[in-house]
Every structure is written in C-alpha cells, then in structure tokens.
Amino acid sequence: MLFFSFFKTLVDQEITVELKNDVEIKGTLKSIDQYLNLKLDNISANTTKYPHLIAVRNLFIRGSNIRYIHINPSLVDTNLLQDASRREAMASAGDKIGGK
Amino acid sequence: MSALKSFLDEKVKVVTSDGRLFIGVLEGFDQSSNIVLSKSFERIFSPTEPTKDLELGSYLIRGEQIVIVGMLDDEEESQTDYDKIHGFQLKDTKNALR
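Here the protein sequences come in this chain order: A and B. When you line the first sequence up against UniProt numbering, it's residues 1 to 100, in that order. When you line the second sequence up against UniProt numbering, it's residues 1 to 98, in that order.
These are calculated hints, taken from the structure and not from any lab test. Mixed in with the good hints, there may be bad ones.
To be verified - Derived lysine-lysine pairs resembling DSS-like cross-links, with alpha carbons at most 27 angstroms apart:
| no. | chain 1 | residue 1 | chain 2 | residue 2 |
| --- | --- | --- | --- | --- |
| 1 | A | Lys8 | B | Lys5 |
| 2 | B | Lys52 | A | Lys49 |
| 3 | A | Lys30 | B | Lys84 |
| 4 | B | Lys39 | B | Lys52 |
| 5 | B | Lys11 | A | Lys30 |
| 6 | A | Lys26 | B | Lys91 |
| 7 | A | Lys8 | A | Lys26 |
| 8 | A | Lys49 | B | Lys91 |
| 9 | A | Lys20 | B | Lys5 |
| 10 | A | Lys26 | B | Lys94 |
| 11 | A | Lys8 | B | Lys52 |
| 12 | B | Lys94 | A | Lys20 |
| 13 | B | Lys84 | B | Lys52 |
| 14 | B | Lys11 | A | Lys20 |
| 15 | B | Lys39 | B | Lys5 |
| 16 | A | Lys49 | B | Lys11 |
| 17 | A | Lys20 | B | Lys91 |
| 18 | B | Lys5 | A | Lys26 |
| 19 | B | Lys52 | A | Lys20 |
| 20 | B | Lys52 | B | Lys94 |
| 21 | B | Lys5 | A | Lys30 |
| 22 | A | Lys49 | B | Lys84 |
| 23 | A | Lys26 | B | Lys11 |
To be verified - Sample of chain A residues lacking proximity to chain B, with all beta carbon distances greater than 10 angstroms (derived):
| no. | residue |
| --- | --- |
| 24 | Leu2 |
| 25 | Phe3 |
| 26 | Leu81 |
Note that beta-carbon positions come from the ideal geometry of N, C-alpha and C, so glycine has one too.
With the hints as extra help, turn the sequences into a complete structure.
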C-alpha cells in the first residue's frame, strides 16, 4: 500500500503518464485507488498522430496498462520514501516471524 | 474505484488494450472496471481513408481490456470534422519495450 499512499500525496499535481501502448498523457492527478488506477483532469496528448482523445479533458486510466509515471523530482522526497520502504519491509518480515 | 462514478450517464471514449476506440454512454461499471456502454460505436482512424464509425448498440467491455475511459466534451466533439481527421491506429498494450 506504500505507493498508493505515495501517489495520494501527488493529488492536484501535474504528472505525465506513459502507457503500455506508447501513448503519453499529461494532466493533473485527481484521484488514485488501490489498483493505481488514475483519474487525470485537463489532459493533453498528441492528437495529431493518435486523434483518439480529441474532445476528452478528464479521463480514467486503468493502472494495469501504465508503463511509467513521470513526476517532477521536486515533488518526491526520496529519503522519506526509502524510510517508508524499509519500515514496510520490516513490518512484513515481522509478520512472517509472528506466524501470520 | 469510484473514479468512474463521475462519468456515469455521460458520453465516454474508451480505448482498449488491442488499440480500438469505442464511444458510448457509460451505463455501469464494477470493481474490476468492467463497463457497459449503450448507443455505442467503434471509431476507426486511418492515415489515408476517411474516419469510419461502426454502429454496435450496447456493449460490455471486460475490465482487463480497458486502457482509458475519457469523458467526452460534446461541444468540442461536434465542432470536430472527423472526415478531415486522419491518424494512426493505436498500438496494443502488448508491445515490448524499445
């Protein structure tokens, strides 16, 4: 659930999503769910090559078809993310020892 | 998963993992983002031929096939002359990394 929480901190920020079909979409992140499905507002995409998204402003992207998400580095606290990763790894290791 | 709720009863454009584009009214959806469209049609772009619309009626699209569900701005859509718009077929989502 770490990356779900992480992406929740990026809500209302501008991100670029690269999909597995090679399409790139820039937009404002509006919501995210447990599957990392995204909702983007005010999107822009290359409609000259692929006119499929003409007249679309707000869209839902299924998480399973996302390849990369480009984030402005200033929005990411890598130290905090590393700490959180360690904490989550420790917690799940503890669960195993505890017999869960 | 409530992200699709705001698109209910609205006209949407749906891109599927095989690169096709469906347009219709979003009638319903579920946890796995399976969706049902009514009054739907498939739109086919070509670099040379005029754009084609294929009438389909009601359609259920399985969630795992869905890439994008986008809300359609009716005004901008009606101002677009699709006979004059050419484009490439979208790739599917199975293509390997460059």
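For this session: Given the hint that lysine 11 of chain B pairs with lysine 20 of chain A, test it: the Cα-Cα distance must not exceed 27 angstroms.
Result: holds, 25 angstroms
Problem set entry | Beyond 10 angstroms from each Cβ of chain B, as asserted for leucine 2 of chain A | holds, 19 angstroms
Exercise. In terms of Cβ atoms, is chain B entirely out of 10 angstroms range of leucine 81 of chain A?
Worked result: Holds, since 24 angstroms exceeds 10 angstroms.
Exercise. Straight-line Cα separation of lysine 8 of chain A and lysine 5 of chain B no greater than 27 angstroms?
Worked result: holds, 19 angstroms
For this session: For the pair supplied as a hint, lysine 84 of chain B and lysine 52 of chain B, confirm whether the alpha-carbon distance does not exceed 27 angstroms.
Result: holds, 11 angstroms
For this session: Would you check the hint for lysine 94 of chain B and lysine 20 of chain A, treating anything up to 27 angstroms between C-alpha atoms as holding?
Result: holds, 7 angstroms
Problem set entry | Distance restraint between lysine 5 of chain B and lysine 30 of chain A, which requires alpha-carbon spacing of 27 angstroms or less | Holds - the C-alpha atoms of lysine 30 of chain A and lysine 5 of chain B are around 13 angstroms apart, at most 27 angstroms.
Exercise. Between lysine 5 of chain B and lysine 26 of chain A, does the CA-CA distance stay at or below 27 angstroms?
Worked result: Between lysine 5 of chain B and lysine 26 of chain A the Cα gap is close to 22 angstroms, so the pair holds against 27 angstroms.
Problem set entry | Given pair status - lysine 11 of chain B, lysine 49 of chain A, alpha carbons within 27 angstroms | Answer holds: lysine 49 of chain A to lysine 11 of chain B is near 23 angstroms, not above 27 angstroms.
Problem set entry | Hint consistency between lysine 30 of chain A and lysine 84 of chain B [alpha-carbon to alpha-carbon, up to 27 angstroms] | violated, 33 angstroms
Exercise. Given the hinted pair lysine 8 of chain A and lysine 26 of chain A, is their alpha-carbon gap at most 27 angstroms?
Worked result: Measuring from Cα to Cα gives roughly 17 angstroms; hence the hint holds.
Exercise. Is lysine 49 of chain A within 27 angstroms of lysine 91 of chain B, Cα to Cα?
Worked result: holds, 12 angstroms
The structure does not agree with the numbered hints 3 and 11 stated previously, though it agrees with the rest.
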